[in-house]
Amino acid sequence: MEQLRLIKVGRVLDKEYDVVVVGGGPGGSSTAKTLADKGLRVALFEKRPSIGSEKRCAEGLSIGSIKIIEDIFGKVPKKCFARMINGAIVYAPNGKNVLVDFGKDAGAIMERKIFDKWLAMQASKAGAYVQSKTEVYDVIKEGNSVRGVMINFEGKKYEIRSKVVVAADGVESTVARKAGLNTTNKLINIDSGYQYEMSNLKLKDSKKIEIFMGNEIAPRGYVWIFPKGKDVANVGIGIAMSKKPARYYLDKFIEENPKIFSESSIIEVNSGGIPVGGFLENMVMDGLVVVGDAAHQVNPIHGGGMKEATIAGNIAGEVIYRAIKKNNMSILKKYNKLWWKERGKHLRKVERLREVVEKLSDDELNKLADVLKGEDLIEFSRGERLLKLGKILIKNPDLIQLAKKLM
Amino acid sequence: MGWTIDREKCLKCGACVSVCPFLALELKDDGIKIDRNKCTLCGICEKVCPVGAIKVNKGGKSAR
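Residue numbers (the numbering used here), protein chains in the order written: chain H, 1 to 407; chain S, 1 to 64.
Treat the hints as calculated values from the structure; they're not laboratory data.
Computed list of lysine to any residue pairs in SDA-like fashion (alpha-carbon distance at most 20 Å, straight line): (1) S/Lys47 to H/Asn215; (2) H/Lys113 to S/Lys12; (3) H/Lys349 to H/Ile392.
Modelling step: build the complete structure from the supplied sequences, incorporating the hints.
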């Protein structure tokens, strides 16, 4: 088989693989590791020079999500964690807050520039060829089938053939769309995200995340403070369908809260689109599977995608393995069915909840903060036990409309 | 008619790319590229940009 060398040392890049994975985020690495563990020949390409940076993420993971990721990748080393978190403080528009205190570590804020690299290393250790700074600029098609990709490394272009291409190329989702699978999300389902990583903050409780709601603060979204240290945090915003850009609202919030920010510095600036709905019935074509943000696989309430991408990548890996072993590409369609069964059904419920929450007026949000306790809020944010929540809310005359939508 | 991209403001995050129904935008090393043959000036990219770096001008003089 003909071989190429991108650089003079290290592994040789083959001209043909079983699977080419596009994108070195959690979704891409999860797919690549699952496939390489089974002995398939996998190449993973990342466009950016450094896997995991700059982040487009607030970096939060619950303990439950970390366990799921560890089932696939093994024990996550300490260096990947910036800070453990034991609860949340959620602020209504009038400033009243609801405290969620787990009394023990319940989640973590990760250091993604370390974490994502570690994930990619596990894929590489399992046998995958991993190459950063390599852009996949097109797909190779024969008729309606995808048969590989075109890559660009330092201006040199190479054709890499494969039985299956995995599009884990993030929110832009260009690989799938170039292949002819329409994954374009509606504007209403894409949040505008903007974030500063800030230091020298005066945090109320640096073991708790803080969430600020309100239509003046963050229209159809929220502001978050996710601590990465005693006085360091990701301070960000996600909003939808707003006339003014996300940055305007975040800067305004920071200006209006000098108690926290008067002495702070900005050490990193992040921005990006966050898919918050619009799950796809079909994420597959002959020779192509779409994973993670590219397939809008994100929790619509909190906008977190690391766990979803990891699970989807694992499902994709299992299905692709079967399709290749049986030499039958129609098996790839099982990915749709399995993902919808394991994740899609639940996430669609969460999406409905989001549609209700994002339309709430400031008055309704204030009243919610009066009625809900910390425990209720946890279930609310996970989209669980909505019926029980409905029963709490329906007792309050002002919240009957909201209650009905949940029941 | 046309658009302007404020290269100083743009963070190359790709939010605009993800919503373009016509695949007219691409995220390159040096920033966002718009394919004028594909762009219909619908303005969706302007609405999603987190930093307000894209301005779409649907009428009048060329802003490019």
